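With the hints as extra help, turn the sequences into a complete structure.
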Amino acid sequence: MSAAPPGLCAAEADARLLAPFTTWPDGPGGVALSQFQVAGMHCGACAGIIETALLKLPGVQDASVNAASARLALRWQPSRLALADVLAALQAAGYRASPDVAAPARELRRQERRQALWRLFVAGFLMMQVMMLATPAYVAEPGELSPDLDRLLRWGSWVLTLPVLAFAAGPFFGGAWRQLRAGRLGMDVPVAVGIAVTFIASTGALFDPGGLLGHEVYFDSLTMFIALLLLARWFELGARHRAADALEAVAGSLPVAAERLMDDGGSERVAPEALRVGDRIRVAAGAAFAADGTVLAGQGLVNEALLTGESAPVSKAVGDAVVAGSVSLDGAFVVAVQRVGADTTAQGIVRLMQQAQSQRPVVNGIVDRVAAGFTAVVLLLALAAGIGWWWVDPSRAVAVAVAVLIVTCPCALTLAAPAAWLTASGALARRGLLLADLSALERMCEVDTVVFDKTGTVSEDRLRLRRHWSQGADADVLLAAARSLAALSHHPHAQALVDDTGVGSGSGNWADVRELAGRGVQARDGAGRLWRL
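Every letter in the sequence shown is one number past the one before it in the working numbering, and letter 33, counting from 1, is 1317.
None of these hints come from the bench; they were simulated from the model. Computed from a predicted structure; not experimentally measured. Any given hint could be a false lead.
In the SDA-like style, the derived pairs of lysine to any residue whose C-alpha atoms are separated by at most 25 angstroms in a straight line are [what the hints assert, rightly or not]:
id : residue 1 : residue 2
1  : K1340     : G1378
2  : K1340     : G1458
3  : K1340     : Q1361
Computed Cβ-Cβ distance ranges for the label pairs, DEER-style [as the list claims (entries may be wrong)]:
id : residue 1 : residue 2 : range
4  : D1529     : V1598     : 39 to 49 angstroms
5  : F1405     : A1711     : 46 to 56 angstroms
6  : M1412     : E1726     : 38 to 48 angstroms
7  : G1522     : D1346     : 45 to 55 angstroms
8  : D1796     : G1550     : 22 to 32 angstroms
9  : R1750     : P1447     : 52 to 62 angstroms
All residues carry an ideal CB built from backbone N, CA and C; glycine is no exception.
Here it is, written out as C-alpha coordinates:
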(Lines of atoms letter the chains of each structure in order from A and count residues from 1; the text may use other names and numbers.)
(Lines give C-alpha, C1' and ligand atoms only; values in the text may rest on other atoms or scores of the structure.)
Protein backbone atom coordinates (compact mmCIF):
# COMPACT_ATOMS: atom_id res chain seq x y z
CA MET A 1 0.00 0.00 0.00
CA SER A 2 1.29 3.47 -0.80
CA ALA A 3 2.06 5.94 1.93
CA ALA A 4 -0.33 8.75 2.71
CA PRO A 5 0.51 12.11 1.13
CA PRO A 6 2.20 14.66 3.42
CA GLY A 7 -0.29 16.35 5.71
CA LEU A 8 -2.85 13.60 5.25
CA CYS A 9 -3.40 11.14 8.08
CA ALA A 10 -3.78 7.42 7.41
CA ALA A 11 -7.49 7.43 8.14
CA GLU A 12 -8.09 10.25 5.66
CA ALA A 13 -5.96 8.46 3.05
CA ASP A 14 -7.98 5.27 3.49
CA ALA A 15 -11.24 7.20 3.24
CA ARG A 16 -10.14 8.78 -0.04
CA LEU A 17 -8.99 5.42 -1.38
CA LEU A 18 -12.40 3.90 -0.63
CA ALA A 19 -14.43 6.96 -1.67
CA PRO A 20 -15.12 6.00 -5.33
CA PHE A 21 -16.88 2.76 -4.39
CA THR A 22 -17.81 3.16 -0.71
CA THR A 23 -20.48 4.94 1.32
CA TRP A 24 -20.51 5.54 5.07
CA PRO A 25 -24.05 5.04 6.44
CA ASP A 26 -22.96 5.96 9.99
CA GLY A 27 -20.57 8.72 8.97
CA PRO A 28 -16.85 8.64 8.02
CA GLY A 29 -14.76 6.41 10.24
CA GLY A 30 -17.59 4.03 11.04
CA VAL A 31 -19.08 1.12 9.15
CA ALA A 32 -18.43 1.24 5.39
CA LEU A 33 -20.61 -0.15 2.61
CA SER A 34 -18.38 -1.01 -0.36
CA GLN A 35 -19.35 -2.33 -3.79
CA PHE A 36 -17.19 -4.82 -5.70
CA GLN A 37 -17.38 -6.58 -9.05
CA VAL A 38 -16.44 -10.27 -8.77
CA ALA A 39 -14.98 -12.41 -11.57
CA GLY A 40 -15.15 -16.20 -11.70
CA MET A 41 -18.73 -16.68 -10.50
CA HIS A 42 -20.90 -19.23 -12.28
CA CYS A 43 -23.89 -20.04 -10.07
CA GLY A 44 -25.72 -19.34 -6.84
CA ALA A 45 -23.36 -21.56 -4.83
CA CYS A 46 -20.47 -19.23 -5.69
CA ALA A 47 -22.30 -16.44 -3.88
CA GLY A 48 -22.53 -18.57 -0.75
CA ILE A 49 -18.82 -19.44 -0.90
CA ILE A 50 -17.83 -15.77 -1.14
CA GLU A 51 -20.16 -14.73 1.66
CA THR A 52 -18.86 -17.50 3.94
CA ALA A 53 -15.22 -16.58 3.26
CA LEU A 54 -15.75 -12.88 3.96
CA LEU A 55 -17.89 -13.33 7.07
CA LYS A 56 -14.94 -15.11 8.70
CA LEU A 57 -12.86 -11.92 8.55
CA PRO A 58 -12.73 -9.62 11.58
CA GLY A 59 -14.58 -6.38 10.97
CA VAL A 60 -16.97 -7.77 8.34
CA GLN A 61 -20.57 -7.31 9.44
CA ASP A 62 -22.38 -8.46 6.33
CA ALA A 63 -21.59 -9.69 2.82
CA SER A 64 -24.28 -9.96 0.16
CA VAL A 65 -23.53 -11.35 -3.29
CA ASN A 66 -25.87 -11.29 -6.26
CA ALA A 67 -24.95 -14.30 -8.41
CA ALA A 68 -26.52 -12.90 -11.57
CA SER A 69 -24.80 -9.49 -11.53
CA ALA A 70 -21.60 -10.81 -9.84
CA ARG A 71 -21.81 -7.83 -7.51
CA LEU A 72 -20.68 -7.89 -3.88
CA ALA A 73 -22.04 -5.48 -1.28
CA LEU A 74 -19.73 -5.57 1.75
CA ARG A 75 -20.58 -3.93 5.08
CA TRP A 76 -17.34 -3.75 7.06
CA GLN A 77 -15.13 -1.69 9.37
CA PRO A 78 -12.00 -0.36 7.61
CA SER A 79 -10.56 0.50 11.03
CA ARG A 80 -10.31 -3.23 11.81
CA LEU A 81 -9.65 -4.67 8.36
CA ALA A 82 -7.56 -3.54 5.39
CA LEU A 83 -8.90 -3.55 1.85
CA ALA A 84 -5.97 -5.77 0.83
CA ASP A 85 -7.14 -8.41 3.31
CA VAL A 86 -10.62 -8.41 1.78
CA LEU A 87 -9.22 -8.91 -1.72
CA ALA A 88 -6.82 -11.59 -0.44
CA ALA A 89 -9.70 -13.53 1.16
CA LEU A 90 -11.58 -13.46 -2.13
CA GLN A 91 -8.44 -14.59 -3.96
CA ALA A 92 -8.01 -17.49 -1.52
CA ALA A 93 -11.60 -18.54 -2.17
CA GLY A 94 -10.85 -18.70 -5.90
CA TYR A 95 -12.34 -15.41 -7.09
CA ARG A 96 -10.99 -12.08 -8.30
CA ALA A 97 -12.63 -8.83 -7.25
CA SER A 98 -12.29 -5.24 -8.34
CA PRO A 99 -13.71 -2.17 -6.62
CA ASP A 100 -16.82 -1.28 -8.56
CA VAL A 101 -15.44 1.87 -10.14
CA ALA A 102 -16.21 2.28 -13.83
CA ALA A 103 -12.79 1.78 -15.44
CA PRO A 104 -11.48 -1.28 -13.57
CA ALA A 105 -14.93 -2.86 -13.56
CA ARG A 106 -15.14 -2.42 -17.34
CA GLU A 107 -11.70 -3.97 -17.77
CA LEU A 108 -12.71 -6.86 -15.54
CA ARG A 109 -15.80 -7.46 -17.67
CA ARG A 110 -13.76 -7.23 -20.88
CA GLN A 111 -11.33 -9.88 -19.64
CA GLU A 112 -14.18 -12.08 -18.48
CA ARG A 113 -15.91 -11.79 -21.88
CA ARG A 114 -12.72 -12.54 -23.76
CA GLN A 115 -11.91 -15.62 -21.69
CA ALA A 116 -15.49 -16.92 -21.91
CA LEU A 117 -15.47 -16.42 -25.68
CA TRP A 118 -12.20 -18.32 -26.06
CA ARG A 119 -13.55 -21.23 -24.03
CA LEU A 120 -16.72 -21.27 -26.10
CA PHE A 121 -14.72 -21.13 -29.35
CA VAL A 122 -12.45 -24.03 -28.33
CA ALA A 123 -15.39 -26.16 -27.19
CA GLY A 124 -17.53 -25.36 -30.23
CA PHE A 125 -14.78 -25.82 -32.82
CA LEU A 126 -13.48 -29.10 -31.39
CA MET A 127 -17.03 -30.35 -30.84
CA MET A 128 -17.58 -30.10 -34.60
CA GLN A 129 -14.34 -31.95 -35.30
CA VAL A 130 -15.21 -34.74 -32.86
CA MET A 131 -18.69 -35.00 -34.34
CA MET A 132 -17.15 -35.26 -37.81
CA LEU A 133 -14.97 -38.18 -36.66
CA ALA A 134 -17.93 -39.87 -34.95
CA THR A 135 -20.26 -39.58 -37.96
CA PRO A 136 -18.90 -42.63 -39.87
CA ALA A 137 -19.72 -44.89 -36.93
CA TYR A 138 -23.32 -43.62 -36.96
CA VAL A 139 -23.97 -43.91 -40.70
CA ALA A 140 -21.93 -47.00 -41.61
CA GLU A 141 -23.68 -50.33 -42.04
CA PRO A 142 -22.63 -53.22 -39.76
CA GLY A 143 -19.22 -54.50 -40.88
CA GLU A 144 -18.72 -51.62 -43.33
CA LEU A 145 -16.28 -49.75 -41.07
CA SER A 146 -13.03 -51.66 -40.57
CA PRO A 147 -11.86 -52.17 -36.96
CA ASP A 148 -8.60 -50.34 -37.60
CA LEU A 149 -10.37 -47.29 -39.06
CA ASP A 150 -12.94 -47.31 -36.25
CA ARG A 151 -10.16 -47.40 -33.66
CA LEU A 152 -8.30 -44.59 -35.44
CA LEU A 153 -11.41 -42.38 -35.43
CA ARG A 154 -11.97 -43.07 -31.73
CA TRP A 155 -8.39 -42.16 -30.89
CA GLY A 156 -8.75 -38.95 -32.88
CA SER A 157 -11.91 -38.07 -30.93
CA TRP A 158 -10.10 -38.75 -27.66
CA VAL A 159 -7.19 -36.46 -28.58
CA LEU A 160 -9.54 -33.64 -29.66
CA THR A 161 -11.54 -33.98 -26.44
CA LEU A 162 -8.50 -33.36 -24.23
CA PRO A 163 -8.30 -29.54 -24.86
CA VAL A 164 -12.05 -29.26 -24.30
CA LEU A 165 -11.72 -31.06 -20.99
CA ALA A 166 -8.57 -29.25 -19.85
CA PHE A 167 -9.40 -25.69 -20.98
CA ALA A 168 -13.02 -25.17 -21.98
CA ALA A 169 -14.49 -27.16 -19.07
CA GLY A 170 -12.21 -25.45 -16.55
CA PRO A 171 -14.97 -23.26 -15.00
CA PHE A 172 -17.08 -26.33 -14.18
CA PHE A 173 -14.27 -28.19 -12.41
CA GLY A 174 -13.05 -25.03 -10.67
CA GLY A 175 -16.55 -24.17 -9.51
CA ALA A 176 -17.20 -27.71 -8.29
CA TRP A 177 -13.95 -27.74 -6.32
CA ARG A 178 -14.73 -24.40 -4.66
CA GLN A 179 -18.24 -25.56 -3.78
CA LEU A 180 -17.04 -28.85 -2.27
CA ARG A 181 -14.25 -27.11 -0.36
CA ALA A 182 -16.83 -24.74 1.13
CA GLY A 183 -19.15 -27.61 2.03
CA ARG A 184 -21.84 -26.64 -0.49
CA LEU A 185 -23.48 -28.42 -3.40
CA GLY A 186 -24.02 -26.19 -6.40
CA MET A 187 -24.91 -26.93 -9.97
CA ASP A 188 -21.24 -27.25 -10.96
CA VAL A 189 -20.88 -30.43 -8.89
CA PRO A 190 -23.18 -32.72 -10.94
CA VAL A 191 -21.93 -31.12 -14.15
CA ALA A 192 -18.28 -31.77 -13.25
CA VAL A 193 -19.05 -35.30 -12.04
CA GLY A 194 -20.98 -36.05 -15.25
CA ILE A 195 -18.17 -34.73 -17.44
CA ALA A 196 -15.47 -36.62 -15.52
CA VAL A 197 -17.38 -39.92 -15.39
CA THR A 198 -18.26 -39.73 -19.09
CA PHE A 199 -14.65 -39.07 -20.07
CA ILE A 200 -13.25 -41.81 -17.80
CA ALA A 201 -15.81 -44.36 -19.01
CA SER A 202 -15.21 -43.48 -22.67
CA THR A 203 -11.45 -43.63 -22.16
CA GLY A 204 -11.79 -47.05 -20.52
CA ALA A 205 -13.89 -48.27 -23.44
CA LEU A 206 -11.26 -46.93 -25.85
CA PHE A 207 -8.34 -48.69 -24.14
CA ASP A 208 -10.22 -51.90 -23.31
CA PRO A 209 -13.27 -52.38 -25.58
CA GLY A 210 -13.99 -55.78 -24.04
CA GLY A 211 -13.88 -54.62 -20.42
CA LEU A 212 -16.64 -53.94 -17.91
CA LEU A 213 -17.19 -50.41 -19.25
CA GLY A 214 -18.20 -51.76 -22.65
CA HIS A 215 -17.07 -50.56 -26.03
CA GLU A 216 -19.18 -47.42 -26.54
CA VAL A 217 -17.48 -44.01 -26.39
CA TYR A 218 -19.28 -40.69 -25.85
CA PHE A 219 -16.68 -38.09 -26.79
CA ASP A 220 -19.06 -36.40 -29.23
CA SER A 221 -21.82 -36.11 -26.61
CA LEU A 222 -19.32 -34.91 -24.02
CA THR A 223 -17.90 -32.09 -26.14
CA MET A 224 -21.37 -31.05 -27.28
CA PHE A 225 -22.62 -30.92 -23.68
CA ILE A 226 -19.70 -28.70 -22.64
CA ALA A 227 -20.18 -26.41 -25.65
CA LEU A 228 -23.90 -25.99 -25.00
CA LEU A 229 -23.33 -25.20 -21.32
CA LEU A 230 -20.70 -22.62 -22.22
CA LEU A 231 -23.07 -21.09 -24.77
CA ALA A 232 -25.75 -20.75 -22.08
CA ARG A 233 -23.25 -19.13 -19.75
CA TRP A 234 -22.17 -16.76 -22.52
CA PHE A 235 -25.75 -15.51 -22.86
CA GLU A 236 -26.04 -15.18 -19.08
CA LEU A 237 -22.76 -13.26 -19.01
CA GLY A 238 -24.06 -10.93 -21.72
CA ALA A 239 -27.21 -10.17 -19.71
CA ARG A 240 -25.12 -9.42 -16.63
CA HIS A 241 -22.78 -7.11 -18.52
CA ARG A 242 -25.64 -5.25 -20.23
CA ALA A 243 -27.14 -4.51 -16.81
CA ALA A 244 -23.76 -3.25 -15.60
CA ASP A 245 -23.43 -1.08 -18.72
CA ALA A 246 -26.84 0.45 -18.02
CA LEU A 247 -25.70 1.34 -14.52
CA GLU A 248 -22.48 2.86 -15.83
CA ALA A 249 -24.46 4.92 -18.35
CA VAL A 250 -26.12 6.69 -15.43
CA ALA A 251 -22.85 7.09 -13.52
CA GLY A 252 -21.09 8.21 -16.71
CA SER A 253 -23.16 11.40 -16.88
CA LEU A 254 -20.93 12.93 -14.21
CA PRO A 255 -17.91 14.94 -15.43
CA VAL A 256 -14.39 13.64 -14.96
CA ALA A 257 -13.08 17.07 -13.92
CA ALA A 258 -14.32 20.37 -12.51
CA GLU A 259 -12.98 23.94 -12.72
CA ARG A 260 -12.51 25.19 -9.17
CA LEU A 261 -12.11 28.96 -8.64
CA MET A 262 -9.28 30.11 -6.38
CA ASP A 263 -9.30 33.02 -3.94
CA ASP A 264 -6.65 34.85 -5.98
CA GLY A 265 -8.93 34.94 -9.04
CA GLY A 266 -7.36 31.99 -10.82
CA SER A 267 -8.78 28.53 -11.38
CA GLU A 268 -7.65 24.91 -11.41
CA ARG A 269 -9.01 21.67 -12.84
CA VAL A 270 -9.61 19.02 -10.20
CA ALA A 271 -11.38 15.68 -9.96
CA PRO A 272 -14.94 15.90 -8.60
CA GLU A 273 -13.81 13.80 -5.61
CA ALA A 274 -11.39 16.61 -4.64
CA LEU A 275 -14.16 19.21 -4.28
CA ARG A 276 -15.18 20.31 -0.80
CA VAL A 277 -18.31 21.94 0.55
CA GLY A 278 -17.94 25.71 0.14
CA ASP A 279 -15.79 25.54 -3.01
CA ARG A 280 -16.76 27.62 -6.02
CA ILE A 281 -16.78 25.98 -9.45
CA ARG A 282 -17.31 27.39 -12.93
CA VAL A 283 -19.52 25.42 -15.33
CA ALA A 284 -19.31 26.39 -19.00
CA ALA A 285 -22.09 26.02 -21.56
CA GLY A 286 -22.36 22.40 -22.62
CA ALA A 287 -20.60 21.10 -19.50
CA ALA A 288 -22.07 18.99 -16.70
CA PHE A 289 -22.26 20.06 -13.07
CA ALA A 290 -19.78 18.16 -10.90
CA ALA A 291 -21.54 18.72 -7.57
CA ASP A 292 -24.82 19.82 -6.05
CA GLY A 293 -24.90 23.50 -5.19
CA THR A 294 -26.41 26.96 -5.55
CA VAL A 295 -25.91 29.35 -8.46
CA LEU A 296 -23.82 32.39 -7.46
CA ALA A 297 -23.58 33.94 -10.92
CA GLY A 298 -24.93 33.31 -14.40
CA GLN A 299 -28.19 32.19 -15.89
CA GLY A 300 -29.36 29.83 -18.61
CA LEU A 301 -31.12 26.59 -19.38
CA VAL A 302 -30.15 23.32 -17.70
CA ASN A 303 -30.99 19.80 -18.83
CA GLU A 304 -32.00 17.71 -15.79
CA ALA A 305 -33.34 14.72 -17.76
CA LEU A 306 -31.02 12.34 -15.91
CA LEU A 307 -32.72 13.15 -12.61
CA THR A 308 -36.29 14.00 -13.60
CA GLY A 309 -36.83 12.24 -16.93
CA GLU A 310 -38.23 15.51 -18.33
CA SER A 311 -36.97 16.49 -21.78
CA ALA A 312 -37.79 20.20 -21.35
CA PRO A 313 -34.82 22.24 -20.05
CA VAL A 314 -35.14 24.17 -16.80
CA SER A 315 -34.19 27.84 -16.45
CA LYS A 316 -31.65 28.53 -13.71
CA ALA A 317 -30.54 31.88 -12.26
CA VAL A 318 -28.76 33.25 -9.20
CA GLY A 319 -29.98 31.53 -6.04
CA ASP A 320 -31.37 28.45 -7.78
CA ALA A 321 -30.23 24.96 -6.84
CA VAL A 322 -28.42 22.78 -9.37
CA VAL A 323 -27.52 19.10 -9.11
CA ALA A 324 -24.55 17.04 -10.23
CA GLY A 325 -25.06 15.30 -13.55
CA SER A 326 -27.30 17.98 -15.05
CA VAL A 327 -25.94 19.83 -18.10
CA SER A 328 -25.71 23.56 -18.75
CA LEU A 329 -27.14 24.09 -22.21
CA ASP A 330 -26.52 27.71 -23.12
CA GLY A 331 -25.12 29.61 -20.15
CA ALA A 332 -22.07 29.74 -17.92
CA PHE A 333 -22.51 29.44 -14.15
CA VAL A 334 -20.54 29.95 -10.98
CA VAL A 335 -21.80 27.51 -8.34
CA ALA A 336 -21.23 27.27 -4.60
CA VAL A 337 -20.70 23.59 -3.80
CA GLN A 338 -23.06 22.19 -1.15
CA ARG A 339 -22.84 18.40 -1.65
CA VAL A 340 -20.02 16.39 -3.19
CA GLY A 341 -19.16 12.79 -3.98
CA ALA A 342 -21.47 10.18 -2.54
CA ASP A 343 -23.74 12.87 -1.06
CA THR A 344 -24.85 14.24 -4.44
CA THR A 345 -28.26 13.45 -5.87
CA ALA A 346 -26.78 11.71 -8.91
CA GLN A 347 -24.57 9.45 -6.80
CA GLY A 348 -27.60 8.68 -4.67
CA ILE A 349 -29.36 7.39 -7.79
CA VAL A 350 -26.33 5.30 -8.75
CA ARG A 351 -26.15 3.95 -5.21
CA LEU A 352 -29.82 2.94 -5.30
CA MET A 353 -29.23 1.07 -8.56
CA GLN A 354 -26.16 -0.66 -7.14
CA GLN A 355 -28.08 -1.73 -4.07
CA ALA A 356 -30.91 -3.00 -6.25
CA GLN A 357 -28.51 -5.12 -8.31
CA SER A 358 -26.88 -6.44 -5.12
CA GLN A 359 -30.19 -7.51 -3.61
CA ARG A 360 -31.50 -11.04 -3.57
CA PRO A 361 -35.25 -11.17 -4.09
CA VAL A 362 -37.12 -13.64 -1.91
CA VAL A 363 -37.65 -16.03 -4.80
CA ASN A 364 -33.89 -16.18 -5.45
CA GLY A 365 -33.24 -17.32 -1.89
CA ILE A 366 -35.84 -20.04 -2.32
CA VAL A 367 -34.22 -21.08 -5.62
CA ASP A 368 -30.76 -21.29 -4.00
CA ARG A 369 -32.06 -23.44 -1.13
CA VAL A 370 -34.04 -25.72 -3.44
CA ALA A 371 -31.11 -26.06 -5.84
CA ALA A 372 -28.75 -27.19 -3.07
CA GLY A 373 -31.11 -29.93 -1.89
CA PHE A 374 -31.99 -30.84 -5.44
CA THR A 375 -28.32 -31.32 -6.31
CA ALA A 376 -27.83 -33.72 -3.40
CA VAL A 377 -30.88 -35.73 -4.49
CA VAL A 378 -29.59 -35.83 -8.08
CA LEU A 379 -26.21 -37.20 -6.99
CA LEU A 380 -27.87 -39.90 -4.88
CA LEU A 381 -30.25 -40.87 -7.70
CA ALA A 382 -27.38 -41.06 -10.20
CA LEU A 383 -25.39 -43.26 -7.82
CA ALA A 384 -28.38 -45.52 -7.20
CA ALA A 385 -29.09 -45.79 -10.94
CA GLY A 386 -25.46 -46.65 -11.67
CA ILE A 387 -25.32 -49.32 -8.96
CA GLY A 388 -28.64 -50.81 -10.07
CA TRP A 389 -27.64 -51.05 -13.70
CA TRP A 390 -24.22 -52.44 -12.76
CA TRP A 391 -25.98 -55.63 -11.63
CA VAL A 392 -28.27 -55.71 -14.66
CA ASP A 393 -25.92 -54.64 -17.47
CA PRO A 394 -22.49 -53.27 -16.44
CA SER A 395 -21.84 -51.89 -19.93
CA ARG A 396 -24.79 -49.50 -19.54
CA ALA A 397 -24.35 -48.54 -15.87
CA VAL A 398 -22.09 -45.56 -16.49
CA ALA A 399 -24.23 -44.23 -19.34
CA VAL A 400 -27.38 -44.40 -17.20
CA ALA A 401 -25.71 -42.67 -14.22
CA VAL A 402 -24.34 -39.90 -16.42
CA ALA A 403 -27.73 -39.46 -18.10
CA VAL A 404 -29.35 -38.90 -14.69
CA LEU A 405 -26.68 -36.34 -13.76
CA ILE A 406 -26.93 -34.38 -16.99
CA VAL A 407 -30.67 -34.47 -17.63
CA THR A 408 -31.51 -33.40 -14.07
CA CYS A 409 -28.75 -30.74 -13.85
CA PRO A 410 -30.27 -27.69 -12.10
CA CYS A 411 -28.52 -25.22 -14.40
CA ALA A 412 -31.73 -23.54 -15.54
CA LEU A 413 -33.10 -23.49 -11.99
CA THR A 414 -30.15 -21.62 -10.51
CA LEU A 415 -29.38 -19.34 -13.47
CA ALA A 416 -32.77 -18.46 -14.91
CA ALA A 417 -34.24 -16.78 -11.82
CA PRO A 418 -31.37 -14.34 -11.00
CA ALA A 419 -30.71 -13.70 -14.70
CA ALA A 420 -34.38 -12.81 -15.20
CA TRP A 421 -34.28 -10.23 -12.39
CA LEU A 422 -31.03 -8.78 -13.68
CA THR A 423 -32.25 -8.55 -17.27
CA ALA A 424 -35.46 -6.87 -16.14
CA SER A 425 -33.65 -4.24 -14.06
CA GLY A 426 -31.20 -3.54 -16.91
CA ALA A 427 -34.02 -3.18 -19.45
CA LEU A 428 -35.85 -0.79 -17.13
CA ALA A 429 -32.69 1.29 -16.63
CA ARG A 430 -32.19 1.62 -20.39
CA ARG A 431 -35.75 2.96 -20.61
CA GLY A 432 -35.19 5.53 -17.89
CA LEU A 433 -36.86 3.66 -15.03
CA LEU A 434 -34.45 3.16 -12.15
CA LEU A 435 -35.29 0.28 -9.85
CA ALA A 436 -34.40 0.89 -6.19
CA ASP A 437 -35.77 -2.41 -4.88
CA LEU A 438 -35.82 -5.66 -6.86
CA SER A 439 -38.58 -7.03 -4.67
CA ALA A 440 -40.87 -4.44 -6.27
CA LEU A 441 -40.89 -6.61 -9.39
CA GLU A 442 -42.24 -9.49 -7.33
CA ARG A 443 -45.14 -7.33 -6.21
CA MET A 444 -45.97 -5.97 -9.67
CA CYS A 445 -48.35 -8.87 -10.29
CA GLU A 446 -50.58 -7.43 -7.56
CA VAL A 447 -50.74 -3.93 -9.08
CA ASP A 448 -54.05 -3.02 -10.74
CA THR A 449 -53.83 0.80 -10.70
CA VAL A 450 -50.96 3.19 -11.44
CA VAL A 451 -51.22 6.84 -10.31
CA PHE A 452 -48.87 9.45 -11.80
CA ASP A 453 -48.05 12.80 -10.23
CA LYS A 454 -47.92 16.27 -11.85
CA THR A 455 -50.31 16.41 -14.81
CA GLY A 456 -50.78 12.69 -15.11
CA THR A 457 -48.54 12.46 -18.18
CA VAL A 458 -45.50 10.29 -18.77
CA SER A 459 -42.70 12.01 -20.69
CA GLU A 460 -39.41 10.84 -22.15
CA ASP A 461 -35.99 12.27 -21.41
CA ARG A 462 -35.53 13.63 -24.95
CA LEU A 463 -37.60 15.45 -27.54
CA ARG A 464 -38.59 14.09 -30.94
CA LEU A 465 -39.28 15.93 -34.19
CA ARG A 466 -42.92 15.37 -35.16
CA ARG A 467 -43.22 17.35 -38.43
CA HIS A 468 -41.68 20.25 -40.35
CA TRP A 469 -42.74 22.62 -43.13
CA SER A 470 -41.34 25.59 -45.07
CA GLN A 471 -42.63 28.48 -47.18
CA GLY A 472 -41.01 29.67 -50.39
CA ALA A 473 -37.86 27.56 -50.15
CA ASP A 474 -36.60 24.05 -50.73
CA ALA A 475 -37.56 22.15 -47.56
CA ASP A 476 -34.70 19.64 -47.88
CA VAL A 477 -32.08 22.40 -48.24
CA LEU A 478 -33.40 24.30 -45.24
CA LEU A 479 -33.70 21.16 -43.15
CA ALA A 480 -30.14 20.11 -43.98
CA ALA A 481 -28.86 23.56 -42.99
CA ALA A 482 -30.91 23.52 -39.80
CA ARG A 483 -29.58 20.12 -38.87
CA SER A 484 -26.01 21.23 -39.53
CA LEU A 485 -26.49 24.26 -37.28
CA ALA A 486 -28.25 22.19 -34.62
CA ALA A 487 -25.24 19.89 -34.41
CA LEU A 488 -23.31 22.87 -32.98
CA SER A 489 -25.71 23.27 -30.04
CA HIS A 490 -26.31 21.33 -26.82
CA HIS A 491 -29.96 22.36 -26.52
CA PRO A 492 -32.47 19.44 -26.38
CA HIS A 493 -34.47 20.99 -29.25
CA ALA A 494 -31.33 21.08 -31.39
CA GLN A 495 -30.41 17.51 -30.49
CA ALA A 496 -33.90 16.34 -31.45
CA LEU A 497 -33.47 18.02 -34.83
CA VAL A 498 -30.13 16.26 -35.37
CA ASP A 499 -31.40 12.83 -34.29
CA ASP A 500 -34.76 12.70 -36.04
CA THR A 501 -34.57 14.57 -39.35
CA GLY A 502 -32.96 11.72 -41.23
CA VAL A 503 -31.42 14.03 -43.85
CA GLY A 504 -27.85 15.00 -44.64
CA SER A 505 -26.07 17.45 -42.39
CA GLY A 506 -25.11 19.84 -45.18
CA SER A 507 -21.65 21.21 -45.83
CA GLY A 508 -21.04 22.22 -42.24
CA ASN A 509 -18.71 25.07 -43.35
CA TRP A 510 -19.88 27.54 -40.74
CA ALA A 511 -17.95 30.54 -39.45
CA ASP A 512 -18.50 32.98 -36.57
CA VAL A 513 -20.61 30.43 -34.68
CA ARG A 514 -22.34 31.86 -31.60
CA GLU A 515 -24.84 30.27 -29.22
CA LEU A 516 -26.95 33.00 -27.61
CA ALA A 517 -28.49 32.19 -24.24
CA GLY A 518 -32.23 31.80 -24.65
CA ARG A 519 -32.12 32.79 -28.36
CA GLY A 520 -30.54 29.83 -30.17
CA VAL A 521 -27.46 29.48 -32.35
CA GLN A 522 -26.27 31.59 -35.29
CA ALA A 523 -23.44 31.33 -37.82
CA ARG A 524 -22.34 32.51 -41.27
CA ASP A 525 -22.05 30.20 -44.27
CA GLY A 526 -19.32 30.18 -46.90
CA ALA A 527 -20.99 33.05 -48.79
CA GLY A 528 -21.09 35.25 -45.69
CA ARG A 529 -24.85 34.94 -45.15
CA LEU A 530 -26.07 34.93 -41.56
CA TRP A 531 -28.18 31.93 -40.50
CA ARG A 532 -30.12 31.74 -37.23
CA LEU A 533 -31.71 28.69 -35.60
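Hint check against the structure, violated hint numbers in rising order = 4, 5 and 7
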